[in-house]
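Here the sequence shown is numbered in the numbering used here, starting from 1 and rising by one per residue.
Please keep in mind that the hints were generated in silico from the structure rather than gathered at the bench. Some hints here could point you the wrong way.
Distance windows between CB atoms, simulated [stated by the list, open to error]:
(1) 60 <-> 98: 54 to 62 Å
(2) 65 <-> 100: 50 to 58 Å
(3) 87 <-> 50: 19 to 27 Å
(4) 85 <-> 141: 39 to 47 Å
Backbone N, C-alpha and C fix where the C-beta goes; we use that ideal spot for every residue, glycine too.
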Amino acid sequence: MAAARPALSPRVASSAPVPRPLKAAPRRAPLQVVRPDTRIRTVGAIGSTLLLVVFVTLFVLAAIHAMLVQGQAQIDAINAENVVLETEVTRAVASLAAADSPEGLATQAAAAGLVESASLVMLTPVPDGALAAPIWVDPFGSGADR
1 MAAARPALSP RVASSAPVPR PLKAAPRRAP LQVVRPDTRI RTVGAIGSTL
51 LLVVFVTLFV LAAIHAMLVQ GQAQIDAINA ENVVLETEVT RAVASLAAAD
101 SPEGLATQAA AAGLVESASL VMLTPVPDGA LAAPIWVDPF GSGADR
């Protein structure tokens, strides 16, 4: 026999929605704290450190190169000054050699008013004891002893 169905009453729409029964969630495994992959952190740290080392090395090399260039500029300036001074020294040595030559000495003597002797006189050394002893005079004296 068939069971009697109860008569359905017409539903009246209410303003509040009727909550639906929740479906049972499937059973999950208990949650655990997952440790981050240490390989990713290690590779990142090594990469960052390597990049920093390369940057610092290049910066130091650039600073050393700048110092070398600056030092070379100073060396070039000193070498140019040395060339100028060597030229001046060469001119001075040539001028001194010309002044010390017999022709230079004759020119200087003529400019000083010296004239050539008409006769050449040879000077000979005096033998020891041929000259009288010098007379001592007080240069700061009264003049009576002169």
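* Which hints, by number, does the structure contradict? -> 3 and 4
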